[in-house]
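Enquirer: As given, the protein sequences belong to chains A and B, one line each in that order.
In terms of the UniProt record's numbering, the first sequence has 80 at position 80, counting the first letter as 1, and numbering is strictly consecutive.
In terms of the UniProt record's numbering, the second sequence has 11 at position 11, counting the first letter as 1, and numbering is strictly consecutive.
Wrong hints could be hidden among the right ones.
[Said to hold, decoys possible] Ranges between beta-carbon positions, derived for each pair:
1) B:K93 / A:S95: 45 to 53 Å
2) B:L151 / A:N85: 39 to 47 Å
3) B:I2 / A:D92: 24 to 32 Å
4) B:H30 / A:V91: 19 to 27 Å
[Stated by the list, open to error] Covered stretches of chain B, as calculated for chain A (at least 3 residues, CB under 8 Å):
5) 14 to 26
6) 35 to 47
7) 50 to 60
8) 66 to 73
9) 96 to 108
10) 119 to 128
11) 144 to 150
Derived by calculation from the structure, the hints in this document are not laboratory data.
Heads up, the beta-carbon is just placed ideally off N, CA and C, and yes, glycines get one too.
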Amino acid sequence: MFVNQFLFLAAVLFCIGVYGVVARKNAVLMLMSIELILNSVNINLLTFALRNGSTDGHVFALYIIAVAAAEVGVGLGLVLLVYRNKKTISVDDLSEMRG
Amino acid sequence: MIAQNIGFWIIAIVMIVAALRVVTTNNVVHAALWLVVVLAGAAAQYILLAAEFVAVTQVLVYIGAVMVLFLFGTMLTRARIGTESDLNNSYKKLGIPVGLVMFAAMSVALVSSFGDEKLPQTASVVSTQEISDQIFGPYLLPFWALSFVLLAAVVGAIVLARKD
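Isolated chain A, as found in the complex (with noise of 0.2 Å):
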């Protein structure tokens, strides 16, 4: 197997994500986007850990997973904040702090 075949998917998957971000107007689905992201990063980890035959990678990607984890729970209780003084969760309607 290739190096670059895994980074290659990697790569895929994170520009994926990036159009996702972009192109994504409800909240939970901009999450989401970033989870694609966040799991582009980890093949890539993984992947630099086998070829260099160390372990630093599984506990980097190990640490990713858990700060995830977090981002969604924060993440999520914020869309719900929104949508409770909303009733909306659309980024584009929080314009509240343009000047």
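With chain A held as given, fit chain B onto it using these hints.
Expert: Just chain B now, kept in the frame of chain A:
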């Protein structure tokens, strides 16, 4: 090696199709279910990369916990479950060139850096003991920091979501 390659390409194509459905479907619940396919495919790729502990953690944390959170978030923020028309920005066409340019830049960098370099053929599976020796040895300080991040996230989520 041949079997692993065939497995890789099948899983990779399924993952890419599912990821495209996540960012293009018009139904939030369907997007969450397509995301399950992507996450399960990622777990399978981790096993191909000789990382079985990370793969099991991926299944437990992502498919078990994070997906339940997403489905609850969908349920709590929307009255009806079904197709919606206004999930995308008005300028969503702008995302396509952004993604393609990023992919082109990454492709050039990957091809010029790694070319046709191969992964080691005789790699053994990384055992859970090796990973725990790393986490509770040189990486103990980040582990503590991560514990505080999780604690702060739990408390913050409760503070944000409670009613009063």
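Enquirer: Each hint needs a verdict: does it hold in this structure or not?
Expert: Here is what the structure says about each hint:
The given range of 45 to 53 Å is broken by K93 (chain B) and S95 (chain A), whose C-beta atoms sit roughly 22 Å from each other. Distance hint for L151 (chain B) and N85 (chain A): a CB-CB separation of about 26 Å, inconsistent with the stated range 39 to 47 Å. Against the hinted window of 24 to 32 Å, the Cβ-Cβ separation of I2 (chain B) and D92 (chain A) comes to about 49 Å, which falls outside the hint. Range check, H30 (chain B) to V91 (chain A): about 20 Å between beta-carbon atoms, so the 19 to 27 Å window is met.
Check result for the segment 14 to 26 of chain B against chain A: holds, 6 residues qualifying (beta carbon to beta carbon below 8 Å, three or more required). Counting residues of the segment 35 to 47 of chain B whose CB lies closer than 8 Å to any CB of chain A gives 6, which reaches the minimum of 3, so the coverage claim holds. Judged by the Cβ-Cβ criterion of 8 Å, the segment 50 to 60 of chain B is covered by chain A as claimed, because 6 of its residues qualify and three suffice. Chain A is given as covering the segment 66 to 73 of chain B, and this holds because 5 residues of the stretch bring a CB closer than 8 Å to a CB of that chain, at least three being needed.
A count of 8 residues in the segment 96 to 108 of chain B with a Cβ less than 8 Å from any Cβ of chain A is obtained; the coverage claim is therefore met, three being the minimum. Counting residues of the segment 119 to 128 of chain B whose C-beta lies closer than 8 Å to any C-beta of chain A gives 4; at least three are required, and the coverage claim holds. For the segment 144 to 150 of chain B, the proposed coverage by chain A is satisfied: 3 residues have a C-beta within less than 8 Å of a C-beta in that chain, meeting the threshold of three.
Checked against the numbered hints given earlier, this structure breaks hints 1, 2, 3; the rest are met.
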